Amino acid sequence: MNQAELENNFEAKLSRNENIEPKDWMPDNYRKHVIRQISQHAHSEIIGMLPEGNWITRAPSLRRKMVLLAKVQDEGGHGLYLYSAAETLGTPREELLNLLYTGKAKYSSIFNYPTLSWADIGAIGWLVDGAAIMNQVMLQRTSYGPYARAMVRICKEESFHQRQGYEIMCVLAKGSPEQKEMAQDSLNRFWWPTLMMFGPKDAESSNSENAIKWKIKRESNDELRQRFVNQTVPQAELIGLTIPDKNQKWNESKKGYDFSEPNWEEFNNVIHGNGPCNKERLGTRVKAHEEGKWVREAVISYNEKRKSVAA
Amino acid sequence: MSKEKDNQGLVWEVFVQKKPGQPFVHCGNVHAHDSEMALQNARDLYTRRNEGNALWVVPAKYIVASSPEDIGAFFEPANDKIYRHPTFYNVPEGITHM
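Line by line, the protein sequences are chains A and B. Sequential numbering of the first sequence, starting at 108, is according to the working numbering. Sequential numbering of the second sequence, starting at 77, is according to the working numbering.
For the record, the hints were derived by calculation from the structure and aren't laboratory data. These figures come from a predicted structure and were not determined experimentally. Glycine residues also receive a C-beta, built at the ideal position from the N, C-alpha and C atoms. Among the clues, some could well be false.
Unchecked claim - Some chain A residues judged to face chain B by a derived CB distance under 10 Å, without partners named:
hint, residue
1, 111
2, 192
3, 196
4, 263
5, 388
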C-alpha cells in the first residue's frame with residue numbers, strides 16, 4: 108500500500124469508530140500524540156501517589172488508613188497499566204521515565220499543590236478523582252485500543268476513589284465547626300486547580316484540534332469542565348459546603364451553571380514548573396527511583412548468576 | 077541514567093482466568109526478569125480485587141500474531157461459508173428452542 112492508501116485506511120477506520128491497534132499503520136503525528144498523552148497520564152498517576160501518600164501515616168483511623176493505602180496502591184497500578192499501553196507504541200519504559208525525571212515530560216498540574224490538612228484527602232478523592240474520572244470515562248472510547256482498554260480497567264477501579272473522598276468530606280462537614288471549616292478551606296483551595304485539570308480553554312488549547320480529529324478525545328476541555336461543575340455543585344450543596352465562586356449561578360437556558368474563569372496565569376505558572384510543590388514532587392520521585400537502584404541491580408545480577416549456574 | 081538502560085527485564089503478557097473453566101483473557105503486561113517474578117507482578121497488578129482464579133504469563137516475544145495488513149486474505153477462507161451459521165437454514169415458522 109502506498110502512503111495515500113495507508114492514510115485513507117487509517118481515516119476510514121477512525122470514521123467507523125474502530126480502534127487503532129499497535130501494529131496498525133498510523134501517521135507519525137498520531138503516534139507521537141498518543142505516546143505523549145498516555146505517558147503524561149502515566150506520570151500523573153505515579154506523581155499523584157505523593158500528595159496522598161503524605162497522609163497515610165496520619166490517617167485518623169485504621170479504616171481510613173487501609174482505604175488510603177488501597178487507593179494509593181491503585182494509582183501505582185494505574186501508572187503501570189498506562190506505561191504498558193504507551194510501550195505498545197515502541198517507546199521503552201526507561202525512556203518515558205527519563206523524560207519525567209529530567210523535567211521534559213509533564214504530568215497533571217493538580218499534583219503540584221500541597222495537602223495541608225486531612226480534609227485535602229477528602230477533596231482530592233471527591234474533586235480531583237471526580238475530574239479525572241470524567242476525563243477517563245470519555246477516554247474509554249479513545250481511538251487507540253490499548254489506551255481505551257486500560258481506561259476501562261481504571262474506571263472500574265476508580266469507582267471507590269471518589270466515593271471515599273466524598274465520604275470524608277461528608278463526615279467533616281457534619282462534624283465540629285472546626286472540622287467543617289477544614290472541609291470548606293480544602294474545597295476553597297482545590298476548586299480552581301481542579302477546574303484547571305481539564306486543560307486550557309478550547310480556543311487556546313494547542314493539542315485539542317488533532318485530539319478531536321483523531322478521536323483520541325471525544326469531548327472538548329470546556330465541555331468536560333462544564334459537566335464537572337454541573338455535577339459537583341449539587342454535591343457540595345448537599346453537605347452544606349460552598350463553591351468559592353461568586354459568579355456561579357444556574358443558567359436555565361443552557362441547563363448548566365455559569366461560572367468564573369480559573370486563573371489561567373496561575374495554571375501556566377504551575378505547568379511551567381513554578382507551582383507550590385513542583386520541585387518537591389519531582390525530587391521525591393527521582394529520589395525514590397535512585398533509592399530503588401540497588402534493587403534493580405540485585406535482580407539483574409541474581410538473574411545472571413542463576414543463568415551462569417544453570418549453564 | 078542511561079547506564080540503567082534495559083533494566084526492566086522482559087515484557088510478559090498476562091492472561092487472567094476469572095473462574096475455573098472460563099477462558100484465560102488477556103489483560104495487559106508486566107516487566108519481569110524471570111517467570112516467578114512475572115507471576116508475582118501480574119498478581120499484584122491485575123488481580124487486586126480477586127479477579128483471578130489462575131494466571132498465565134508469557135514472554136511477549138514468543139507471541140506470534142497475525143498481521144493487520146493481511147487480515148483480509150488471511151481470514152478470507154471463512155467468508156464464503158455462510159452454511160456454518162444456523163441462520164443459513166430455513167425452519168418452519170413458529171418453531172422454538174432451536
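Outcome of the hint check:
Checking residue 111(A) against chain B by beta carbon gives a least distance of about 16 Å; that is not within 10 Å, so the hint is violated. Nearest Cβ of chain B to the Cβ of residue 192(A): about 8 Å, under the 10 Å cut. The hint holds. The beta carbon of residue 196(A) is not positioned within 10 Å of any beta carbon in chain B (closest approach about 13 Å), and the interface hint is therefore violated. Nearest Cβ of chain B to the Cβ of residue 263(A): about 9 Å, under the 10 Å cut. The hint holds.
Contact between residue 388(A) and chain B, as hinted, is not supported at the beta carbon level, the nearest pair being about 18 Å apart and thus beyond 10 Å.
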